[in-house]
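Participant: Here is what each chain is made of, one letter per residue.
There are 2 protein chains.
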Amino acid sequence: MGDFKHLVIVKFKEDVVVDEIIKGMANLVSEIDSVKSFEWGHDMESQEMLRQGFTHAFFMTFNKKEDFTAFTSHPKHLEFSATFSAAIEKIVLLDFPSLLVKAPA
Amino acid sequence: MGDFKHLVIVKFKEDVVVDEIIKGMANLVSEIDSVKSFEWGHDMESQEMLRQGFTHAFFMTFNKKEDFTAFTSHPKHLEFSATFSAAIEKIVLLDFPSLLVKAPA
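Going down the list, the protein sequences come from chains P and H. For the first sequence, our numbering assigns the number 12 to the initial residue and increments by one for each residue that follows. For the second sequence, our numbering assigns the number 12 to the initial residue and increments by one for each residue that follows.
In case anyone wonders, no lab produced these hints; they're calculated from the structure. It cannot be assumed that every hint is accurate.
Pairs count within a copy or across copies, as identical chains cannot be separated in the list.
[Claimed, not checked] No more than 20 Å apart at the CA atoms, straight line, and that leaves these computed lysine-lysine pairs for PhoX-like:
| # | residue 1 | residue 2 |
| --- | --- | --- |
| 1 | 22 | 101 |
| 2 | 34 | 113 |
| 3 | 22 | 75 |
| 4 | 113 | 24 |
| 5 | 101 | 113 |
Bear in mind that the values here come from a model prediction, so they are computed numbers and not experimental data.
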């Protein structure tokens, strides 16, 4: 079994300062050891029809599901979640054990 | 600049044999060198409300955007896309340069 992944894709509300939200997220993951890695991206590439208004993807990787659970119940995460929830217009969230089919050479 | 990512999240149609689709995708990425890595997951964890019916996430990583473009225009990808499109009930697709904020230790 590979890593456990937490994937969040969102569309932010129009008046939101996205850089501040992302800075908050970067601080959060740096403070919580159970987060193995964190990366994100802003889509300005794909077809609008297929993007469906979503603009940002955030991926966190954990060594195991228990580490993810520890993250979600961490007081700093709960605090940040309130800020994050207030900033988004729509969201899809997926949590799953990741299966690596093709590894980087 | 980090890797270029292609993220697809889907809900499959009810009568689809998902294993066959995933096998087809694994074959596809193994045959196309410009795909650096490929991983996927099936969410059976998160809250239904936040998952919004989506069940599967597929991530492909490319060294650069040009490699992604080469992938999307590859004849085998075009062929597979037809099969894939027929199998899905809904989809969100995001393509973006990925920014690594916290790297694996």
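Participant: Taking the hints in turn, state whether each one holds.
Facilitator: Hint check results:
{"no.": "1", "hint": "22 - 101", "in the structure": "both (5 Å within a copy, 17 Å between copies)"}
{"no.": "2", "hint": "34 - 113", "in the structure": "between (31 Å within a copy, 12 Å between copies)"}
{"no.": "3", "hint": "22 - 75", "in the structure": "neither (28 Å within a copy, 25 Å between copies)"}
{"no.": "4", "hint": "113 - 24", "in the structure": "neither (36 Å within a copy, 26 Å between copies)"}
{"no.": "5", "hint": "101 - 113", "in the structure": "neither (31 Å within a copy, 25 Å between copies)"}
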